[in-house]
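Going line by line, the protein sequences match chains A and B. Counting with full-length UniProt numbering, you get residues 1 to 411 for the letters of the first sequence. Counting with full-length UniProt numbering, you get residues 1 to 411 for the letters of the second sequence.
Don't read these hints as lab results, they were simulated from the structure. Warning: the hint list may mix true and false statements.
Identical copies look the same in the list; a pair holds intra-copy or inter-copy alike.
[Unchecked claim] PhoX-like mimics (lysine-lysine), calculated; alpha carbons at most 25 Å apart, straight line:
#1 K314 - K133
#2 K234 - K119
#3 K40 - K51
#4 K273 - K314
#5 K295 - K133
#6 K298 - K273
#7 K40 - K223
#8 K40 - K55
#9 K295 - K210
#10 K119 - K210
#11 K223 - K298
Computed from a predicted structure; not experimentally measured.
2 protein chains.
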Amino acid sequence: MKRNVLIIGAGGVAQVVAHKCAQNNDLLGDLHIASRTLGKCEAVIASVHDKGAMKVPGRFEAHAVDAMDSAAVAALIRETGAEIVINVGSAFVNMTVLQACIDTGAAYLDTAIHEDPAKICEAPPWYGNYEWKRREACEAAGVTAILGIGFDPGVVNAYARLAAEDYLDTVESIDIVDINAGSHGRWFATNFDPEINFREFTGTVYSWQKGGWQENSMFEVGKVWDLPVVGEQKAYLTGHDEVHSLAANYPGADVRFWMGFGDHYINVFTVLKNLGLLSEKPVMTAEGLEVVPLKLVKAVLPDPASLAPDYTGKTCIGDVVRGTKDGAPREVFIYNVADHAEAFQEVGSQGISYTAGVPPVAAAILIARGDWDIGRMANVEELPPMAFLTELHRLGLPTRIREGESDLPVT
Amino acid sequence: MKRNVLIIGAGGVAQVVAHKCAQNNDLLGDLHIASRTLGKCEAVIASVHDKGAMKVPGRFEAHAVDAMDSAAVAALIRETGAEIVINVGSAFVNMTVLQACIDTGAAYLDTAIHEDPAKICEAPPWYGNYEWKRREACEAAGVTAILGIGFDPGVVNAYARLAAEDYLDTVESIDIVDINAGSHGRWFATNFDPEINFREFTGTVYSWQKGGWQENSMFEVGKVWDLPVVGEQKAYLTGHDEVHSLAANYPGADVRFWMGFGDHYINVFTVLKNLGLLSEKPVMTAEGLEVVPLKLVKAVLPDPASLAPDYTGKTCIGDVVRGTKDGAPREVFIYNVADHAEAFQEVGSQGISYTAGVPPVAAAILIARGDWDIGRMANVEELPPMAFLTELHRLGLPTRIREGESDLPVT
């Protein structure tokens, strides 16, 4: 059954969501996109029409909304008749948008954990600080809320469940490895909103090991991974959303997240951090102006969306899952490889945005079809993975599995 | 004859000037210090009294003044009966303070070239953009104005003239080398106001070679110098005030300025510069706040004055002057070595401030004594050097000369 979709946000990921919704509007229905700035929404819709992305004739409308204002979002949901809200706005608006869904009965999807602008890296499990506190409210309202359904978190959670269910009897460790081997050609840039990107790396690095939370600092633990297509890549133990739900669902396994960084990125990050320029706490200039350093850094860095036209190379993101099968040790790597230039050609965004934006559209289709219309809150590994992976494959993110010398598609 | 002194500015250099004036108030007379913030002036005076620095009983008073307001400065000169103004405020106030001296007849001293906040690195010779345009006005008013009488510019200009007069028949090159081999123990800090410090290095590097202006970029040309006390040090061709007057007074010689930088400084500078964080042009944050990046960088860096208590090690600044004497090639290095900890013990400032703050006090004493009471504008190399160097020696900055294996005091 078709369900109207409201997209919140108008950045690089929202662009991908918009194109993919348009390509599947025969399954979804009316489409709406809303952000603080109407013009950004209109630009996204214009790019959809430029590519002729609407599969069948239909509505795609732009709206201005302050997503921090829950009542305004609820009013927009009612006005548009949206039954599915894909929230790819700033991570600061998750709770107000979720509340609007609870109030209106619309399904809720997001791709990153809620953040309070004033806090960095709160106590684990992160989902316990905001999202999971709304579990009962979702259940009572019969609202489907799927948390963190981008690529990572999101697809990698489904990979973990697939490995645990179909390839292993016991799971000893889940290592999520995220490598962007692409090049944007700029001296320095972040692939996501710099504010969110840097906030990920300024706090304590939490991992789940030996049944408890381990704490490290960023760039303290590094490891070279040898991956398909992108080859040997150095990645660092990093704090990331999915560790916090996978640890709850697979408490007997070690759960770690590794992100690839080049020396240049680390150097720039280290300089900015040590000087205090990544701080979210305001400082006063000699002229008496109060400035949040991180917001100025964001202002001087390239807009991540502007990187897309020149981005080349590939990403490789997946799960190294170790455990036993029939009493013997087994290790599989379940992964996807995406191409920046192909993503840009199709939807006008680079590969990082593409991998993050396609999964919530697959989920929206599963909700519309009834497969994932669960009427409660869930993290992705709590949902059956194969229908999702099949839909992802159809939408452009195929899954492969490598085991020893074997490297095969998962279909 | 005693002459009352008004110090403009209340930073680290002003602190040194205040202590040295106090130590010589028998030669100078009443002392006054003025800056935008009265409390900073009062703190300087309190530190003078803490050290018991006043040689004879006398006045030392604090005043608030906006040094960008020429009339206000003139009024303060009249009110205090100051006959000598030592301007060690921001480089942005030189022209307003100089005008106040022209209007009142007070002698004018500064330690760095005038800068327009909106411009970086104007066309050479830099003195031609602002200072030298006031030459005739000074002459007409009979006002003594000695430009750039810190250490460099200042003492190094006197070293150049000494070499040219007493050690060489022809001068082929003057290479000023400024090495700070001290350590402040912070992850990163600038020794002067970060705004002024970085502005020095973001523009074109001008040097005078083969009878013309040569242009390079910062950190493009590096050279290892083997110097007394501090040993082998890498320094880079840098734009600096004194090149612009020495080139006019010794047009047949190559005139270059070299400043020592460690790899860490260069790395931090390069990151900040390439990201646009050293820009003096305002940028707009996503929240609509207009911020000058350089002013925020200044706000997050340590206050240079706060470095003094922990500063250890030495500076070595001097002139390598090459030419001929009696038809044979000759090279001398005329230099001073200063010690950060000794400076702090004596006047509560680190060595960089000490070397900059002592010379204008020596000049003030020479003016009061009549030696340098010239009634016109001059750069330091246009004045007889030996009385100045003798006074500097007495005030704590002895001069030495190295030639081959010989290394002797200049007295």
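Is it within, between, both, or neither for K314 and K133, if the alpha carbons may be no more than 25 Å apart? neither (38 Å within a copy, 60 Å between copies)
How would you label the pair K40, K55 (within, between, both, or neither) given a Cα cut-off of 25 Å? within (22 Å within a copy, 70 Å between copies)
Given a CA cutoff of 25 Å, do K234 and K119 count as a within-copy pair, a between-copy pair, both, or neither? Answer is neither: 29 Å inside a copy and 43 Å across each miss the 25 Å cutoff.
Up to 25 Å CA-CA - K298 versus K223, copy category: neither (29 Å within a copy, 37 Å between copies)
Reference check for the pair K40 and K51, CA-CA at most 25 Å: within, between, both, or neither? Result: close within a single copy only, 17 Å intra versus 63 Å inter.
Same-copy or cross-copy closeness of K40 to K223 [CA-CA at most 25 Å]: neither (40 Å within a copy, 51 Å between copies)
Up to 25 Å between alpha-carbons, please classify K273 paired with K314: within, between, both or neither. neither (28 Å within a copy, 29 Å between copies)
Taking 25 Å as the upper bound on the Cα-Cα distance, should K119 and K210 be classified as within, between, both, or neither? So K119 and K210 fail the 25 Å test inside a copy (28 Å) and across (59 Å) alike.
Can you tell me if K295 and K133 fall within 25 Å by alpha carbon in one copy, between copies, both or neither? Answer is neither: 29 Å inside a copy and 42 Å across each miss the 25 Å cutoff.
Same-copy or cross-copy closeness of K295 to K210 [CA-CA at most 25 Å]: For K295 and K210, neither the intra-copy (38 Å) nor the inter-copy (47 Å) Cα distance is at most 25 Å.
Status of K273 relative to K298 across identical chains (alpha carbons, at most 25 Å): both (13 Å within a copy, 15 Å between copies)
Comparing the model with each earlier hint shows violations of hints 1, 2, 4, 5, 7, 9, 10 and 11; every other hint is respected.
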